[in-house]
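Enquirer: Listed here are the chains, written in short residue letters.
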Amino acid sequence: MPTQEEIYSKVSATLVEALNVDEEDIKPTSTLQGDLGAESIDFLDIVFRLEREFGIKIPRGELFPESIFQGDPDFVANGRVTPKGLEELRAKMPFADLTQFEKNPDVNKLSDLFTVDLITRYLHNKLSK
Amino acid sequence: MRWIWIDHFLEFHSGKYARTVKQLSLAEHHFAQHFPGYPVMPASLILEGLAQTGGILVGEASQFQEKVVLAKVPRAVFHREMLAGETLIYEAEILHLRPEGAAVNCRVLVEGQVTAEAEIFFAYLDQNRSQQLFGKDNFVFGGELRHIVERWTRKVDRAKSPAEGG
Numbered sequence: 007m008p009t010q011e012e013i014y015s016k017v018s019a020t021l022v023e024a025l026n027v028d029e030e031d032i033k034p035t036s037t038l039q040g041d042l043g044a045e046s047i048d049f050l051d052i053v054f055r056l057e058r059e060f061g062i063k064i065p066r067g068e069l070f071p072e073s074i075f076q077g078d079p080d081f082v083a084n085g086r087v088t089p090k091g092l093e094e095l096r097a098k099m100p101f102a103d104l105t106q107f108e109k110n111p112d113v114n115k116l117s118d119l120f121t122v123d124l125i126t127r128y129l130h131n132k133l134s135k
Numbered sequence: 042m043r044w045i046w047i048d049h050f051l052e053f054h055s056g057k058y059a060r061t062v063k064q065l066s067l068a069e070h071h072f073a074q075h076f077p078g079y080p081v082m083p084a085s086l087i088l089e090g091l092a093q094t095g096g097i098l099v100g101e102a103s104q105f106q107e108k109v110v111l112a113k114v115p116r117a118v119f120h121r122e123m124l125a126g127e128t129l130i131y132e133a134e135i136l137h138l139r140p141e142g143a144a145v146n147c148r149v150l151v152e153g154q155v156t157a158e159a160e161i162f163f164a165y166l167d168q169n170r171s172q173q174l175f176g177k178d179n180f181v182f183g184g185e186l187r188h189i190v191e192r193w194t195r196k197v198d199r200a201k202s203p204a205e206g207g
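For the record, the sequence lines run as chains A and B. With the first sequence counted from 1, adding 6 to any position gets you the working numbering. With the second sequence counted from 1, adding 41 to any position gets you the working numbering.
Mixed in with the good hints, there may be bad ones.
In silico SDA-like cross-links for lysine to any residue, where the CA-CA straight-line distance does not exceed 20 Å [said to hold, decoys possible]: (1) A:K63 x B:H137; (2) B:K57 x A:E57; (3) A:K63 x B:R195; (4) A:K63 x B:W44; (5) A:K63 x B:R187; (6) B:K57 x A:D80; (7) B:K113 x A:N26; (8) B:K113 x A:S46; (9) B:K113 x A:K115; (10) A:K63 x B:L86; (11) A:K16 x B:K57; (12) B:K113 x A:R58; (13) A:K63 x B:L136; (14) B:K113 x A:T88; (15) B:K113 x A:K109; (16) B:K113 x A:Q39; (17) A:K16 x B:P115; (18) A:K63 x B:I135; (19) A:K109 x A:S134; (20) A:K63 x B:R139.
Calculated directly from the structure, the hints in this document are not laboratory data.
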């Protein structure tokens, strides 16, 4: 079982390859889309690389759940994630830190949840099982 | 000019690996300009040949039911220029194949030497969306690319039963 630092360092190297960014631009708090410029297709590329790097299988939607907020009025109302939506987020992404997001659950801020730290925590959870 | 940048298949292992050949002929129009007196195969067209080899490999895995499009090239390295008169061998090996997309590792060889390497990432166009945009036809795997695969299939069939194939 690799340490959190070892996982972080491999995640960082993976993002350098997938997103063509410099290693020094990657911080634990960097958001994949906002800070590192990831586009939708890059998420699948990142998943493939993590699978190779860590020798694991990452099922569709496990690390980057894409379908939670697509047109479900129970989860999103008036541009904000509803309490039921937050519950769904907690269930689908137990590895996400929702503390900040819960204070202002603007649906446009959802992408900010996807940080380098989030990937590291996800892998740490997965590898420790 | 037709947008076909491979000549034919040398090997095809469904869902795994394919090898094609591209003979660079001075008769090709682009060599007149790229460059006058020094006919270098443009790297972008080599990449296109690799993408066609890998794209057919990925498309065949779903019997060409999906529209496979090149989504990104995370890595491409060209070790030297490739000139008219040379024979390029394109290799494509599937790294990942999932319903959402595929990653393919590619190499170019000239006389057994690796002259270029690339990783190519393919996505499947969403069926509903692409039908709205492009109709029912599979424009990716139109007649010409399919023809190359079918020619290979016929060759394999003939090899299996030489008596029937004549």
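Enquirer: If you draw a straight line from the CA of K113 (chain B) to the CA of S46 (chain A), is it 20 Å or shorter?
Expert: It holds: about 11 Å lies between the C-alpha atoms, which stays within 20 Å.
Enquirer: Assess, step by step, whether the Cα of K63 (chain A) is no farther than 20 Å from the Cα of L86 (chain B), and give holds or violated.
Expert: 34 Å, violated
Enquirer: K63 (chain A) and R187 (chain B) were given as a pair; does the straight-line alpha-carbon distance stay at or below 20 Å?
Expert: Not OK: K63 (chain A) and R187 (chain B) at ~33 Å, beyond 20 Å, violated.
Enquirer: Quickly compare the C-alpha distance for K63 (chain A) and R195 (chain B) to 20 Å and report which way the hint goes.
Expert: 37 Å, violated
Enquirer: Measure nothing beyond the straight line between the CA atoms of K57 (chain B) and D80 (chain A); if it is 20 Å or shorter, mark the hint as holding.
Expert: Judged against 20 Å, a Cα distance of about 43 Å means the pair is violated.
Enquirer: Given the hinted pair K113 (chain B) and K109 (chain A), is their Cα-Cα distance within 20 Å?
Expert: 37 Å, violated
Enquirer: Quickly compare the C-alpha distance for K113 (chain B) and N26 (chain A) to 20 Å and report which way the hint goes.
Expert: Between K113 (chain B) and N26 (chain A) the Cα gap is close to 12 Å, so the pair holds against 20 Å.
Enquirer: Would you mind confirming whether the straight-line C-alpha gap from K113 (chain B) to R58 (chain A) stays at or under 20 Å?
Expert: Holds, at roughly 18 Å.
Enquirer: Given the hint that K63 (chain A) pairs with L136 (chain B), test it: the Cα-Cα distance must not exceed 20 Å.
Expert: 13 Å, holds
Enquirer: Mind checking the alpha carbons of K113 (chain B) and K115 (chain A) for me, to see if they're no more than 20 Å apart?
Expert: 26 Å, violated
Enquirer: Taking only the CA atoms, is the gap from K63 (chain A) to W44 (chain B) under or equal to 20 Å?
Expert: This hinted pair is violated, its Cα atoms lying about 37 Å apart.
Enquirer: Given the hint that K16 (chain A) pairs with P115 (chain B), does the C-alpha gap stay at or below 20 Å?
Expert: Roughly 17 Å separates the two Cα atoms, so the pair holds.
The earlier numbered hints that this structure contradicts are 3, 4, 5, 6, 9, 10, 11, 14, 15, 19.
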